[in-house]
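Undergrad: Hey, can you work out the whole structure from these sequences and the hints?
Taken in order, these protein sequences are the chains called P and U.
Per my numbering, the first sequence starts with residue 1428, numbered consecutively.
Per my numbering, the second sequence starts with residue 8, numbered consecutively.
No incorrect hints appear here.
Estimated spans, in silico, between C-beta atoms of each pair:
| id | chain 1 | residue 1 | chain 2 | residue 2 | range |
| --- | --- | --- | --- | --- | --- |
| 1 | P | 1442 | U | 213 | 22 to 32 Å |
| 2 | P | 1439 | U | 254 | 48 to 58 Å |
| 3 | P | 1684 | U | 113 | 41 to 51 Å |
| 4 | U | 112 | P | 1759 | 28 to 38 Å |
Just some of the chain U residues that point at chain P, by a computed CB distance under 10 Å:
| id | residue |
| --- | --- |
| 5 | 79 |
| 6 | 103 |
| 7 | 107 |
| 8 | 108 |
| 9 | 109 |
| 10 | 116 |
| 11 | 119 |
| 12 | 120 |
| 13 | 124 |
| 14 | 128 |
| 15 | 132 |
| 16 | 133 |
| 17 | 142 |
It should be emphasised that the hints constitute simulated quantities derived from the structure, not laboratory data.
These numbers were taken from a predicted model, which means no experiment stands behind them.
From the three backbone atoms N, C-alpha and C, an ideal C-beta is built for every residue, glycine too.
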Amino acid sequence: MAVFARLISSRFMRSVLRTAVPLVVVLVAVMVVGAVMAPDGRGATYRLLVNFLITVVIVVALQMFTGNSGIVSWGHAAFVGIGAYSTAWFSVPMVIKEDIFPGLPAWMMGAEWGLVPCLLVSTAIGALAAAVVGLAICRMKETAMAMSTLGLLVIAHGIYSNWEGWTRGTEGVYALPTNTTIYIACGFACLAVLLAVMFKYSRVGLRLQASREDPLSAESTGVSVVRARYFAWVASAAMSALAGSLWAQFNLAFGPAQFYYAQVFAILSMLVIGGLATVSGALVGAGITTVIFEVLRGVENEGNLFGIEVPQISGLAQMILALITLLILIFRPNGLLAWWELDGWIVKARDRFWKGGRKLAPDAGEKGGE
Amino acid sequence: MPAEQGQGPAAVVQSSETAADGTLSAREVVKHFRGVHALDGVSLTLQPGEIVGLIGPNGSGKTTLLNVLSGIYPPTSGRVWCRGRDVTTRKPHVIAHLGVGRTFQNIRLFSHLTVRQNVEVGSVSGRKVEGVDHQADVDRLLDRFSLSGSAEAQALSLPYGAQRRVEIARALAGRPLFLLLDEPAAGMNEAESDQLLETIMGVRKDFGCGVLIVDHDLRLIMRLCERIHVLAEGVTLATGTPQEVRADRQVIDVFLGDALKDDV
Ligand SMILES: Nc1ncnc2c1ncn2[C@@H]1O[C@H](COP(=O)(O)OP(=O)(O)OP(=O)(O)O)[C@@H](O)[C@H]1O
Ligand SMILES: [Mg+2]
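TA: Spelled out as structure tokens, the structure:
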């Protein structure tokens, strides 16, 4: 408890609130738009906004690990999948479950749980899985670690595709109950953002960022790099599984193809475009990518971009996203937001607007700044 | 980073010979890199509260000795002891927890973190001491090293001299009993090196830690250190007080030569 009290010290709380509040405002604004435009909870716009809010949870979860540790994970889609399948095991009606999941033990067969128990069990299973594989993965060197997350993705895909009795293989799962509304999605997106910001400014988060900058001097400063990575790995996988559960309870049917390369690429692109190092970057990247995908999907389907006729090309959205990601990597390798959270950019913009007014005060005015 | 050694706390055994002493010491340390004999049986002991200079020509193994002492390389043979524990194969963070802080020859800050965060990592990850107020400690250190004005700036945005100060502040934030400094005066002019001398004297006085300092600035070393350890090609050439080392025929021949007559 004393540790907790020290952690929630004033500077920590101030930093957390300063960063989290603008992001929460944006998320709530998205929710309000959705609620006003589709009060009945139906329609394409509503679906788009809810899926965006769930995507925010997925990208923010990845940011917690990859952004702070600097180690790219290609495997987080596997944890989203764990969350989705776990939810199916505990929520699909028994009559259908007997048909599609013949392998389930009797006590699970009877389970027809609601939103909260499904979220809890999915998060727990995701955390457990990450805790086990993390014991091996987090001891590796940086490049080996990134490679092994790719292996994890492929192995998980193999399991989802072939473990017929529990996953129905490539035919996929259906008949999940609709439990995720725009309010619930927004609530969890806000929670995810708050947790990720708190993590970033916490001691473990700080140590992990130090290891991202220079693992050797972090170790010499007293940081157990393995321990910091392991903690973040498990926390971020748990959040990914939570997102998978939310997603499954909104989209209701899915198969192994939904947790594979295309999804990994999309999530990583979002993070790269917005900027790995910040939680704000995850949110901005998710927003921009969602808009691009939406516009381009329209082009793909109707051959029409803002009223201009263009030829129909399948896979156009993927290609354009890849191109944008490449351009960002070349011209702005740290992403759009780079090292500053949204609140930092707001301050910068304000200072530029009031030219010189606050710019010199109070920090730069002190002596010793060199 | 060296590979995980996979040793439990049981590996930290107490030696009857050293259990009581609170020193950091290298015993007959040998370190070979493929064919290169970087260290060939060097022994050195650092007491808390003393300032020891480690000098020698380029490539004589000074940095390698610091790396072995701080756990970055396991030695090829020989042992490293810290406060009565054999830490020869322990990871660097374990050695840091026991109270060994260090800086690097080529500055290694957490570049994209702020100056305050750099020092904060040291404070929250260093030697465990009951009832530490990390924020107050960090503020005090920033103030001491005239970094308060740039506390919120990214470390890489600071000029060279200030970056060196951040590195020392970060190491001190971990409440070290032994501080290893690798060429802190490199690239400094005379005035700056005088300033550094004051700083290190002050650190010893206020923090009570032992300081092992590597530098080519003999003017600084001779004025600062009680004891000097001279390395050449991985072996100890001489040890003693500045006066003794300065008078040592071998040292003058092999290494110091005219430099001494001019500078001291
Ligand atoms: N990681 C390494 N791999 C291979 N050889 C190394 C390594 N580190 C040091 N050496 C070699 O060991 C010898 C001693 O190097 P070291 O860096 O300890 O010298 P130094 O006394 O610190 O020199 P300087 O004054 O130039 O800093 C040199 O020949 C160097 O090339
Ligand atoms: Mg050196």
